[in-house]
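Q: The primary structure of each chain is shown beneath.
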Amino acid sequence: MRRLRDWLLALVVPRLGKRPPRRSPPRRRIVEGREPNERAELAATLLFLGSAASALAFPFLYAFDVHPLTQLLGLSLGLACVLLAAALIVVGRGVVVTEELAEPYPPPAHEPEQEDIAQLAEESGDSISRKRFLVLAGGAAVGSLGIALVTPAASLGPVLDMDPFFRTTWRRGRRLVDERGTPLRAGAIEEKVFYTAYPEHADREEIGSPLIVVRLDPAELKLPGERQGWAPQGIVAYSKICTHAGCAISLYRVPTFAPVEPKPALVCPCHYSTFDPAAGGSVLFGPAGRPLPQLPLMIDASGELRAGGNYSGAVGPSWWGVRNRKPTP
Amino acid sequence: MKRAALIVALLALAPTASAQPPSGAGLYAENCLSCHGANGVGVPQMGSLLRGVGAGTADFYLRTGYMPLSSPGEQPYRKRVLFDERDLQALVRYVASFGAGPPIPQPHPEQGDVSEGMQLFTEHCAGCHQVVARGGVAPGARVPALTRAAPVEIAEAVRAGPYVMPRFTNATLSDAQLNSIIRYVDYAKHPSEAGGWGIGFVGPVPEGMVTWLIAAAALVGVCTAVGRRVRG
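Chains as they are written, first to last, in the numbering used here: chain A, 1 to 329; chain B, 330 to 561.
Don't take each hint at face value.
Each computed DSSO-like pair below joins lysine-lysine, with the alpha-carbon atoms no more than 30 Å apart [stated by the list, open to error]:
no.	chain 1	residue 1	chain 2	residue 2
1	A	K263	B	K408
2	A	K192	B	K518
3	A	K192	B	K408
4	B	K518	B	K408
Hints were generated in silico from the structure; no laboratory data involved.
Because the structure is a prediction, the values reported are computed rather than measured.
Just chain B, with the same shape it has in the complex (with noise of 0.2 Å):
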């Protein structure tokens, strides 16, 4: 019987327990303090200091599932994100709060220009994310694909630079001309295809196969053919 009332007064209390907004700090204490340090002011070797990181910098590493890192000093790549969109943005906001940073970005990608993107791209980004972004090994870091990077992402990437990626000012690119790279990393996710065998778009990879698998192959079996003929 007394088991049974406290069942019952648990199940009253669970709906105003979940009404509760979440809170940043608790969330922030139990994923990012042991690396973060209270109040973000980092932890020599373990963490980076978060004060004026900024609301964007902090929802581009956790809506990504970039943080909470399994262990200090991996890289960083995108994984399943362990909160909901309210903890996610009371997180933020908690982030936010250590000291004056970049806000989230607001980008219009229906504004921008594939064409301009794609040069700006290809001047920019392509160098580590292939041409069309689909990530690599490139210097000294796994480069990631951009198949899966929502606008306000790649906004965010390109003002906070994760990771070794620089970051690229106002001055360096102008909010027009992010607009047209998101853009163009859109068209890049499904990029028209004039048939062939693509492989994952990686260059003149199938070029080199018929040469090497079909071409070399006939060579040699002409060299074989024009062999036994001398011989016989």
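Isolated chain A, as found in the complex (with noise of 0.2 Å):
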């Protein structure tokens, strides 16, 4: 932390006090000088400053998550422009000079005129007292703005720890319940029908809890290879959430005379988005960026179904870190 503060010092410090080299030799003036105005230039400072602390209370705002959350983002991104804006028209009137030149230029061809045109730019501003610090401040205010507006992109998921993604109530052996905690039996499942299923003794409010169960004709399966044996009878589960934003799947899209209708999908009523129960929960249409996972299911001596194991892939949304990591086998 020391040594990172050092650093941050040895890179600001030297900058803060350099000054631009003199011009050498010195050249007759263009632009007249003038009287500096100093309580514009303290008034577009205090503006500036004052847009960056706004902006800079965004990342903070975000970050404790204080109440009421929107109104207050909307506040500090909404005074920050503001007061930049009312800076930048303080500087436009009272800072900066506004010479009208009744003699047109010659097009810059040469090195000398284009020399003159940078130095008429440099005198310019040579009545401002205070220059390089309102220039730090407006930097400051339009930087800190900057990050105000990147700061959501924080939402857009954990990349680091993606564990808790893999961690599921899931076990080998757990007996799936329906909605009313009835374990299910394999025998009462029926084809073209959508159950919802759930874990026997946990918590139904985990994202990787709820179950969509349908029964497939056998035959028609095309499950990835290691998962041979993970649809006892054509039943498959699938974990209810879909991939794409973690909407619940409640459609089912199932053929009554499959050779000439559309085949079995599973879909999501957000955004559409269509999964192959058949072909291990594939994305067949729609946002959704990778599979449905599937969990392996086994049917035990009394005829009820018991989950194989946990989950083919994460559960829930697909945030940054979760596409980025490699399916666990």
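Combine the two chains into a complex, taking the hints into account.
A: Shown next as structure tokens:
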């Protein structure tokens, strides 16, 4: 931490004290010198700093989730923009020299003429007494606003610690129960019907808990090689949470007469991501970027459905880190 | 003279012919057999097996005009019913005789509850049928609006799952819950409107139109006015 601070100081301090190199030899002035308007400069500087402070409040409000968040975030950004605009108006009216020249300039074809123009611009600012500070304050305002605007990118999700997304309430041998807590029996799972299931004796509010269970024709199954035996009697189970934005998948498209109608699909009602339950939950259509996680199933001696292990991938929406991590075997 | 006698004979015969009960087998042979095969065994790539579909499913497909289709493979939609009530019932009885299947349900929407119905409809149906049952084009099929669906047809569809709709058994949706759903669908045919421009109850489209057509135009106007003042 101290090392980091030293580095920052080493970077910042020399730059603060640096003066622009003197032009040599001194040239004759083109723009007349004027009295600096110190009141306007002070006002502009304060407005710039106020804007910076207001913009910097944004990441703090965001990080600490202050109530009421939306209104305060709006206030922070709005105030920063208004103060910045006010500062720019003050600068434009009171600080920057507005010189009207009657004589048209020849096109800057030659080196000395270009130098003249550079000198003109340079001298125009000579009447500002605290130019450097003013520029720094302006930079701080714009930079802070930039920081405020990129802050929401943090909501794209965690990147480093992804393990919680792979921990779920499902264990090998855990029974599947319906909404009322009754264990699901393999014999009661009918074709063309859509069932929602939960783990027995576990928190149903956990993102990994809700399951979709459907029965397909075993001959139609095209599961990946390592998932053989995950679908006893053609019964497959997937996470009910869409991998796009985390909505609950509640639509089941299932043909009455398979040869001429669209094939079975699990569809999310939010953005119509469509998954193929016969092919390991692969994406058929829509904005989802990865397959629906599948839960291995087994049927116990009494005919009840039990989990055969954990999901084939991370449950829930596809955060940055989830997308980049390779599926666990 | 001979021709006149023939006409008289035909006229005398006509009432007795129409008084005959319609033959389900005959109607089946005329309208269904080419795709569904004899005795409803189904024809590959043409029509599905009808054995065991039951009276409920048959009644639904015929009463809504879903069947017969003009070509196999097209999505059935609500159209003019080709049969009168007696023919329709005869045909339904004949199809139901192929094998045991669920009967025609008898819903009692008056026992249902509109508010519970709306909750259940939102949960189970609205994803495709839209929240006030105006239909759409959801998961790779045209979804019908339910504005003309009779209570019995709704119950039949829920239990049978026509085209790509899933079935809902008694375990997933009880008869009492189904009554509430039907009650709500009936209500949604003429929902109470607080005012404004509904545009088929398709959601926040009117607000969007105000934003884009009125507010955006006003904003462009303001920008133009400001630009003119600065230039002038």
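Q: Each hint: holds or not?
A: We went through each hint and held it up to the structure:
1. A distance of roughly 25 Å separates the Cα atoms of K263 of chain A and K408 of chain B; the hinted pair therefore holds under the 30 Å criterion.
2. Under the criterion of a C-alpha separation no larger than 30 Å, the hint pairing K192 of chain A with K518 of chain B is consistent with the structure, at around 28 Å.
3. At roughly 26 Å between alpha-carbon atoms, K192 of chain A and K408 of chain B fall within 30 Å of each other, so this suggested pair holds.
4. A C-alpha spacing of about 19 Å is found between K518 of chain B and K408 of chain B, which places the hinted pair at or below 30 Å, so the restraint holds.
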